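Fit chain B to the known structure of chain A by using the hints.
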Amino acid sequence: MDENLQAEVKQICQVCGNDRTKMMDIVRAVQEKFGQVSSETMNLIAKFVNCHRVEVESVVSFYAFLSKKPKGKVVIRLCNDVVDKMAGADVVADAFKKELGIDFGQTTADGKITLEYTPCIGMCDQAPAAIINDEVITYLSTDKVKEIVADIKKHYDPSKLKHRLGDGNNANEIVHSCVHNGIRKKGTVIFADYKSKSGLKNALAVSPVEVINIVKSARLRGRGGAGFPTGMKWQFTRAAAGEKKFILCNGDEGEPGTFKDRVILTERADMLFEGMTIGGYAIGAEAGILYLRAEYAYLRKLLEKVLKDRRDKNLLGKNILGKKDFNFDIIIQMGAGAYICGEETALISSCEGLRGDPKNRPPFPAQKGYLGNPTAVNNVETLCCVTRILEMGAGWFVESGSKGSPGTKLLSISGDCKLPGVYEFPFGIKVRDMLKEVGAEDTQAVLIGGPSGQIIGQNDFNRTICYDDLATGGAIVVFGQERNVIKIAAEYMEFFIEESCGYCTPCRVGNVLLKKYLDKIIAGKGEPEDLDILKQLGESIKTTSRCGMGQTSPNPVLTTLKNFRKNYESIVKKTTNGMQPTFDIRKALADAESIAKRQSVIFIK
Amino acid sequence: MSEQITFTIDGIEIKGKAGQTIIEAADEAGIYIPRLCYHPELAPHGSCRVCTVLVNGKPQSACTQPIAEGITVENNTKELDEHRRNLIDMLFIEGNHFCMFCEKSGNCELQAVAYRLGILAPKYPYFFPKKDVDSTHPDIFLDLNRCILCGRCVSASRDIDGKGVFEFVGRSIEKKIAVNAEASLKDTNLKQADKAADVCPVGTINKKRTAFAIPIGKRLYDSKPIGSDIESRRK
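Protein chains in written order, with the numbering used here: chain A, 1 to 605; chain B, 1 to 235.
None of these hints come from the bench; they were simulated from the model.
Nothing here was measured: the structure is a model prediction, and the numbers come from that model.
Some hints could be false.
Claimed, not checked - Taking lysine-lysine and the BS3-like style, the derived pairs with C-alpha atoms no more than 25 Å apart in a straight line are: (1) B/K123 x A/K562; (2) B/K176 x A/K515; (3) A/K542 x A/K516; (4) A/K47 x B/K186; (5) A/K587 x B/K131; (6) A/K597 x B/K130.
Said to hold, decoys possible - Stretch-level coverage of chain A by chain B, calculated; a stretch enters the list once three of its residues show a Cβ under 8 Å from a Cβ in chain B: (7) 501–510; (8) 537–547.
What the hints assert, rightly or not - From the structure, some residues in chain A lie toward chain B, with a derived Cβ separation under 7 Å: (9) S39; (10) H52; (11) R53; (12) V54; (13) E55; (14) E57; (15) S58; (16) S61; (17) F62; (18) N360; (19) I497; (20) E498; (21) L513.
By construction, the Cβ of each residue, glycine as well, lies at the ideal position given by its N, Cα and C atoms.
If we strip away everything but chain A, and leave its shape as in the complex, we get (with noise of 0.2 Å):
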């Protein structure tokens, strides 16, 4: 055994203390380290840490950014999200084939640079764009690529890839980001001017239970997509048996075609952790962990600085603010590439170190959550909203949005638009209207909420947003007439294949059905029947699957098949000649022939 790499995971083991739930920590630093967690640096973990060596393997095998097999010392990450491909990302992932010479998958020869896809990096308003290592780039081009690659050839660093840098905190030195924040409409709540400390020092004047109050009067819900009262989750939190509380903020947006907690991250960071601290206090948790997506990588530095400000101010810390025996800090957990780790559960999971498995429930988190203990999970604009609230009060807080939605909601928009980015509208904003202010004209669909939301036709775009008609986290996707929304439809499928988590069978095997037919179709070879067998597996899989995820994976096949039916009838067609238009001889005879070396006498090419 190399006693170097003995001795190296040794040490990161150390550090994170040999602490068994805190293998996300221990494996991606060996990741960053060695380019991989290869099978012996599994053993050694396993020993270090005291669990059997499977263990190591399910977590590795479990997140994109994590592999058993070497990668190159840097690796590029072209998003090839839907949005993406709209803008381009077909073209610019040519570009990259032919300047490393290499697809997809692979790693040059020389064994420094891996070339891969990746999911949607909340990038939309700017694509198309790539992570290479943690820096991101955006507004990518043929010629960019080469730029980028000799650039790359020179050094094989990517902090050092020379880029313009983008507004506001992206051009801080510790983030030196090209990213743009893209602030289209500024709203009342999260994007208007608020005095820092002021929403903490309300709270901690009256007791925990008023704080509570104060956001159930508010009607603060979940900004996440489900909609959860807030109030009534601390509340319950609060109330439950355990000695130590958690609050967890979920920091992985990773909906395809959302990006606006980027922004909140960016800008807002400091509003994000008063949230949490007020969250803290109400729940009467010690500890916050911020579950950072890895794709926001590159955020990471500048929250940990805003982390420090506080704990210098005495925001967070020991007796915040003078007020005796509340003692709160918060942590930043970061992810590995998995959009599941999004779903509450799955993110309390992947910070105890585990695979990014949803669990089952009851118990709910808050009962028994993070490590066994009662945990209250919110969603970052969620947090925002409780900082406003505390600030201003619940009263100034419901006279903005509708009468069952207060507040704003940010909306991530991107897509078939001339002004993508990102808006804070006050809840009740109709489609129609939200579609002007972004510059959509001659708009086919528009997508609400994300694949695991709706997509919608001029039908409805008389419809408004908020939580009793067309809810949503605020992933906004606009598409354009010559679109085709069946092909959306599939990519957006593909996308839940990949991200499913595999634990239950309708998520994991009917998601992968529910794409076959739905490449029949395309292709020209579908039947009328098939329109009813989608029908069938979505409602299957939406009935059966075991968390939101899976619950919400084939909304992009029945909003389609139930808004733009049209669009599916008329490609499929009856058969008449009663073949099996999908069945393709030579291929079935493929290994046989290649078994017996010779071809099929009858079935001849």
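Just chain B, lined up with the frame of chain A:
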């Protein structure tokens, strides 16, 4: 001294004990809810979803959902059985199942539940995936072609045998069972007497030299459908 809880399944009044899941209470009362991954001696896994029932109209897996006073459970409905058939079909097509040659035939829970629900052949196209077979162990033969990812071996090895021989690796349709060794099953401490070697519902974990000790025709589900033992408890 456990508190009694009264609820209904398909209109039949059931008296269960606090802390029981729906499937536990139903089993005791002699009502069969189709299931695959559930095993009474192991922590419920909730992965196959075959035991999905409607609890006050909302779908829940009966193996993980605790009973509660006054709940209305729907189990034996046309719609639920349709969903269950879809799930069973999915399990068949994602693997390579060949009942007619399989040593588990007649003792296989997947096959038995399929027959009970009236499936003679899956209606969806097979995936024909390439799966691993591991025959390195002297006493146990592992065939992932027939695995339904129920997790029974994982729990049994971890929670009952205290060994951790099995674990899931990968995700999505690539998710599979792996063994706690760099290479193969022979490098683990799995023994034929382990609980983990005993709980597989299908033909994935097989004990060598035992395959046809009980002939076809005299096997568990050859004469009576799966669930008959549960239903015989019905008063």
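_Which constraints among the numbered hints does this structure fail? Numbers only, ascending._
Violated: none.
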